[in-house]
Amino acid sequence: MIGLEHFIGVSSLLFAIGFFGVLLRKNTLVIYMCLELMLNAANLALIAFSRYHGGMGGNVFVFFTITVAAAEVAVGLAIIVALFRKRQTVEVEELNALNN
Amino acid sequence: MSTEYFQKIAETNVWGAIAPELALGILALALLAMEVILPKVAHGLIPRLAILGQLIILGVMLTAGSSGLGYTGEAFGGMLSFSETGQLFRAFFLGTSIFVSYLGMVSLEKKTLPQVEYFHILLVITGALMLLAQANHFVMLFVALETATVGFYILVSYFRDKAVSLEAGLKYLIMGALSSSILLFGIVLLYGAGSNMALAGGSVDPLNFGNLQKFLAANPSDMLGLLGMLLVISGIAFKIGVFPFQIWIPDVYQGAPIPTTALLAIASKGAGFAMLLNLTTVFSPLSEWLYPLLSVLAALTILFGNFAALTQRNVKRLIGLSGVSHAGFLLIGVIAAEKVDWATNAILFYLFAYLLASAAVFSVLAHLGKEDDSELTLDDLGDLAKRNGFLGLALAVGIGSLAGIPPLAGFIGKLLIFVAAFKAELYGLLGVAVIGVVVSIYYYFGIIKAAFFEVWRYQDEDEETPEEPVPGESLQLLGKLAILVAVVGTIVLGFYQSPLGSWLAG
Amino acid sequence: MNDFASLVQLSIAVPIIAAFLTLYVEKWGRPAVQIVSVTGFALPAIFALFLWGFYDPAIAGDYAFVSKMDTGLSIIGVSLHLGLNGIGLPLFVMASVVGLAAGLFAAQSKAENLPRYLFCLLIMQGGLMGVFASIDLFFFYFFHELALIPTFIMVGIWGGRDRNYAAMKMTIYLTLGAMLSLVGLIAIYVKSGADSFDLITLKAHLAEAPLAESVQNYAFGLLLFGFGILVSLWPLHTWAPLGYGAAPSSAAMLHAGVLKKFGLYGLIQVAVPLLPDGLKQWESWIVWLALGNILIIGLITMAQRDLKQMIGYSSVMHMGYAFLGIAAMSVLGVGGVVFMMVAHGLTVALLFMLSTMIHHRTQTFEMDEMGGLSKKAPVLSAFFVCAMMASIALPGPGLANFWAELSIFIAIYQFKSWLIYAAVAGIVISAIYGLRAIANVFFGEESEEFVESQKEFAVSDMTWAERVPALILIIVMFFIGFFPKTVTESLNDSLAKEAVYAQTEQ
Amino acid sequence: MESQLYAYGLLAIPLLSAIAIAFFFRRSGAFASGVSVGAAALILAVAGHIIFKVENFEYNVNWIEIGTLNVSFGFLINDLAKLMLFVVAFVGFLVHVFSLGYMKDDPNKARFFGGLSIFMFSMLGLVMASSLITLFIFWELVGFSSYMLIGFYLDKPSAAAASKKAFIVNRVGDFGFLIGIIMVFSMFGTLNLSALSDTFGADASLLEAAGVTTIGLLLFCGTVGKSGQLPLHVWLPDAMEGPTPVSALIHAATMVAAGVFLLCRTGFLMTVDALTVIAWVGVATALFAGFTAVAQRDIKKILAYSTVSQLGYMVAAFGLGSLAAFKGHGDAHGHMGQSVVTGGVAAAMFHLTTHAFFKALLFLGSGSIIHACHHEQDIFKMGGLKSKMPITFITFTIGVAALTGFPLLAGFFSKDAILAVALESNKAAFYLLVFGAFLTALYMTRLWLITFLGAPKSDNADHARENGLTMTVPLILLAVLSIVGGYASLYPEVVSGVIGGIAHPDSAGHTTIWIASLVAVFAGYVISYFFYGAGAKEDRLEQTFKPLHTILAEKFYFDHVYDWYVAKVQQRVATTLHFTEQIALSGLIIRGTAGFAGLIGIGLKALHVGSIHAYVYWFIGGLALFWALAVGIF
Amino acid sequence: MTDIFFYIFSILALACAFGVVFSRNTVNGAMCLIGTFMSMAALFVLLEAYFLAVVQVLVYAGAVMVLFLFIIMLLDVKESAARKTSIYTWAASLIGFGIMVIGVVAINSAESIKTKTANLPVAEGVNLKNFGYELFTTYLLPMQVTGFLLLISMVGVIALSKKTNTQ
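Listed in order, the protein sequences are those of chains A, B, C, D and E.
Take the numbering used here: the last position of the first sequence gets the number 1169, and nothing is skipped along the way.
Take the numbering used here: the last position of the second sequence gets the number 1732, and nothing is skipped along the way.
Take the numbering used here: the last position of the third sequence gets the number 841, and nothing is skipped along the way.
Take the numbering used here: the last position of the fourth sequence gets the number 639, and nothing is skipped along the way.
Take the numbering used here: the last position of the fifth sequence gets the number 255, and nothing is skipped along the way.
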């Protein structure tokens, strides 16, 4: 029988994989995708909790997180594009003009 | 779930209580509208209108009543909870916003960038932060926080003609999104724990602070709750700039436009503490873990911020790192608040002092900043006192207050925190704080030194340096007024706190 | 008896108001600035002398001229509580007199940007007057810092050689000292449970329920080392000679003469009466460190080649006696210390002033490069000899210093008899360096350097503008030397009221 | 009129004079000298009134009160004080008058006379002081005025050095003196002289109390410093850098004798042990200085060492005499009570008085010579002054005779008084002192022979002429006193309380003393005459006994030892400490700490590498840290 | 049945997630992410959150990822072959991942996850009407704020991208 812990396990693994991607990848766009993955992982857990524990709260929260994520993506991509226009790169390692 | 239930909840939507936020939203929209309506020549008026509007809101809010505009307790289906502290935070954010608006006006005038959008977003952020401070529910908290954060992303990268601004924006974006995910996951875990009806204290709406606290009180050793708390705290730590989530601060502060830097430094930090103060109540059943954690963080934060700033020459990075140490001091206050009731007031006083001092400092930086203010170093402050005494004085007062030197407001802030810490018997932290203060003197003094002490060096060398155009001379009346408010406020609050007495007197 | 309380307030307020006026009247030219600033210095002196005349220990009770005002920090039991007792009054008067002399000297100096220089000095003066008139510990500390900050700025801007390093070192050192003592004061406040920073309340409260011994120990330790740094207790003194060497003379006068006494005053008025057991614990520390001051610093003073640094070291050395006197914990010893604070304040201020006058004539502080000045400036040499003799407690000009040292010596002998040999050896050491300085600077043949510099400008004797401030100091010095009862009567009275001092008096 | 008003007046006169000179007559030397000399005359008059017309009295007024310390300012006028007052006022006045001539052409005349006035003020205060502390204050003040006057010739480095030395060496003595005072106060709770003497008088066993000997010796330290006893005598010969009238007044007649005066005033608390030490220090000083004087060339140096030697006599007299008094009472603590006067005090004070006369005479005479010889001080460059300066010659000769103890002159009697007490208390001391008398005769005759007889040995000496009346009249007056000053019965009744106390040994002793002293003195004359010859050009001792002469001329290397100590020990310690402080404390510890903090700062700063990845690692690290803290790993 | 679907979609989601992390081509990565989102939508369905599943597909897979692909194409980012991920990055990332996995284990071993009510509660997320009621009563304020959030992100994107007249 698939229970709550399975869903939570998948969700938290997705979160971990997303974090892993953020750590590993150098392409800003991919990093950003991984961040989206992490947000989404939270959604899965929310829905799972909501389902197994009852109540609407989790579901409604997911609605908000999706909206927030969408807005964030829009803004983030706009920044990345603007930066690409200036620097012609999206590689993390080349974006370190600000240091020390 | 009957309609009556929802009806009852709908009745708790007391819009009057959030009139300031509403007014800010309307003002924000009005600014956009005005850009369309007003002729191009009059666009310069818009920032001034924004400031004026906010001043009016602030004025009305302050006169309308000391606590929640007459409302207390929960509202909006438990989303908000009005309290005196929240009211003060509202005033704090609004005040910050006014100063940032002024700074934005100064900085944007030098630019050929869209202007109105900046103020629009700023106002929305402020509104969101004001709600955040009164949030009583994690959904509200998350949404308000994200609204503000997304706004910050934009404002940080606002100077898109400069690569550093965009780079800072990107860094902030990624770090911010990461921390948001962590925060969100933490909330989810709390939700997961608290919604479990099988456990004592479980409820259908565990994201409500009250409910969550009850749940945690019933299950203080619940791993999920503990993990959730840790993740939530780390998300907030990012906002405040607490070790080890402070690492992004110098880069972002350096790259961001000065008004945004100010906003980040003041409002973002304030928001973090507003949240933290609320959440420490929520997490009080877990204080066994929470307070040791916060204590370690506070100590590390103070030490890191101060030591890292020691050899920093870039002014904005320096201010950023000093801000980190201030976060540490404030954190001591938060920890002390566990045992000392009025420590919350101390934190607020500290924040207000910090606001005024930062306002003074950033105003000066905004006036000094040329095309590329991200490279503003201490050397650029050289002979400031000679070039423009007024700005020099403002810088000195601001820095002095940040350094916690009497008779400036910053000192009273530190004193209150210290007394609170002593009352709460946080001796170790107090020791660290003393070290921090002493170390900090070095770099704060370095700024003063750069701005004042080398003034006459130039005369000694008999160089025929052509007088540089004095940036400060273009100070307008508004500018002078703004700086004067910050300076006078800082000084007066240093020895005469009676204006704030009603809440500082406990 | 509280009729003249407003005079106490005015003595603090007038210099501060004058400070701002000085900046304001800058545009009316140098004379206006001079008049305003000198008035700012003279009025407190007049008030102080007036209060001195009207002080009657018989009527005064604990404190005379008491006034109390709430400034809004009642949350931590702070109020602006002013008043004078027999301990504070002589220092209050001394501060005003030294201030007047320093002010007169500064007002006619050639300091660049004179109005700002005077501004700093006047603020300092205001703080100084406040220090000795504060009954509230918070304001006691506050006024000290108020006076301290301008010192750093003056050293940094108007200082001499090494001013940057000196200012920095001084700032960090003194901040550390101030922080430690602040924590100590907070400890008293918190642990006493009196919920007040008010000294009178604290005393009454602690008389009923003294602090636990462990608390006394660490609180006294904090205060001892905090104040110790401020008073340049060996080996925490290294800021002092360097700082005084670099400081502009008026700042050095006020700092070495008056402000430095804050720490001793704090020990006498606060630390020892409130924490008598703490003193007993730290007694041997005080004794050994003070011996370090007297003997080690005394010998080091002999090795100095720089006149101003030598005076700085000598002033460090004399602080050793003060610590010993306090350790003796008797009316005699402590009374001697207070008397010495007054006398030493006048003397060292005079010495710093005269050394600057010497510098104006020789363009150097190196004693090796001086010599034979007495021929060109006999009056100056007379003043200097007089001041130096006072400094080494030769009866006569230094009768006041002599009284002070005598009573301290007797107290020391009664306290620990073997100490007397070390202590009195100090007067031989001080005679050696004092006379060597006189001989090097004034006697013998004119040095090559001096002859060289005379080619550039004519060396003149002291002008009247220089004589007046010097005379003020000397006259007061003689007065209290010849009529010591004017000081000691009220002093005895107040000290006798302190149980700790009176008890040990046999 | 109240008695104390005269005393106040006595203090006020010179003080006002000094103030007037300092403030109004700095540039007009003539007025200044007039004021000062007028003041001196007035002092003489008032002092005379006090001595002759005012009963002994004590007057005290509370001066300062701190805690238990209660000091009163006041006057204690008794016979002892009156005698001293007389010496000071009289010699002071004569020196003032003499200075009128001597300092006539000095541009800094005003400063000189101002200094003299301050000195008179301080000295009178010292004499009249009623408590140890007021005595100490004036004691220091006379030291100060002496300091100022020694260093009168500002541009002479040697004068500056000498004045410094005088002051510092005196301070070393005062070190003990002050501690002594403090101990007195701590033990007896008062510093008032008469109260103390009453205490001792009431309870003789006090002399056996622990610490009293220490107190006595500590107080004696003051005397050692001020009266130039071994080993702190080094400043006195150097002090001759000052103008000669100063040497006469301060460094011969009055101030240096203050040490002896102090002993006499505090004699009641001297224990046997203390007195023994005092006596032997005195004897040693007398002999040592006598030897040293034999090899000096500078006329003033010779007189200075002679002064040291005579002061040694006085101190020895006090010590021996008081010891004799103990002996006479048969027990160790027979107190001397309020009368204060013992054979020792009497002999010491008697010699002090006569010495003041003839030594002032000799100094003024030497001043007269120096003035005439255009500030030539080397006796081997003088010679033949007998005919050129007859008055000086005659008076000087009287002075020499009196000093050496030529029969029936002042010195003869006072020295006999000393020898008498010595004989009574210690034979060895007696013979040593007799030998000292021989030395005195030897070197004084040498001085006299070389200076006055023979032919002029330099141009300066050749052009010497007798000085004016202002200089010769004081010489004559002092010469008269040097002749008659020895007759104790001539002294007015008021001071006979002191002088009258001189010991009158039995006839056997008397004979011994007479024979011994006469033999010694005349041996001195004769040997000196035959050894040096009249008007010798060279020092024969130097030619014949070179090593001995070197040791004597180098003053037994005291100065060398002190110089070595100052330069090689004291200064090096100071410098080493200074450098240790600079390097270890300021450098290593403080800068080290700062540097360490800076290093941490640089390290932390370097952490901001600017890469997003690196920052993300911080996050994961932070989460791990949180986790670790939460599960209690830390 | 549900179990099988759960395993299929969860494995698919995880695999695609790894695909995002490891794919060298950004477009492939984006496609993988779409796959993850779609699988998650399926898991939503298994959890009876139909509305959210639809939203997930529409907003995430539809709008957000299309936006991503758009930008990827627009920027035409070439994967720089020279820039190989260093061994240190790998190591550090794996350590990081390891730490996260420990967290995952900790979460799943938490007591409160295992404690359950006897019966599975009714799935309320099914009821769209309740959803609407909740959003516009209890969550009305966050809803409004979200509106502003979207507004400022729109305004922000414009501000970051629009051509200014003077440029």
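Incorrect hints may have been included.
[What the hints assert, rightly or not] Computed Cβ-Cβ distance ranges for the label pairs, DEER-style:
id : chain 1 : residue 1 : chain 2 : residue 2 : range
1  : A       : E1162     : E       : Y138      : 17 to 27 Å
2  : A       : E1160     : E       : S249      : 49 to 59 Å
3  : C       : D703      : D       : F601      : 50 to 60 Å
4  : D       : F550      : C       : D796      : 22 to 32 Å
[Said to hold, decoys possible] A partial selection of chain D residues facing chain A, derived with a Cβ cut-off under 8 Å:
id : residue
5  : R302
6  : L495
7  : Q575
8  : V614
9  : G615
Keep in mind that the hints were calculated from the coordinates and are not lab data.
Glycine included, C-beta positions come from ideal geometry on N, C-alpha and C.
A quick look at each hint next to the structure:
Taken as a hint, the range 17 to 27 Å is violated for the pair E1162 of chain A and Y138 of chain E, whose Cβ atoms sit roughly 44 Å apart. A C-beta distance of roughly 21 Å is found between E1160 of chain A and S249 of chain E, which places it outside the suggested range of 49 to 59 Å. The hinted window of 50 to 60 Å between D703 of chain C and F601 of chain D is violated, with their beta carbons roughly 36 Å apart. Against the hinted window of 22 to 32 Å, the Cβ-Cβ separation of F550 of chain D and D796 of chain C comes to about 54 Å, which falls outside the hint.
A least Cβ separation of about 78 Å between R302 of chain D and chain A goes past the 8 Å threshold, and the interface hint is therefore violated. Because the closest C-beta pair between L495 of chain D and chain A is about 99 Å apart, greater than 8 Å, the hint is violated. Interface hint at Q575 of chain D: violated, since its Cβ lies 53 Å from the closest Cβ of chain A, which is beyond the 8 Å cut-off. With 8 Å as the threshold, the beta carbon of V614 of chain D comes within range of chain A, its nearest partner Cβ sitting at about 6 Å, so the hint holds.
Hint on G615 of chain D holds. Least Cβ distance to chain A is approximately 3 Å, under the 8 Å limit.
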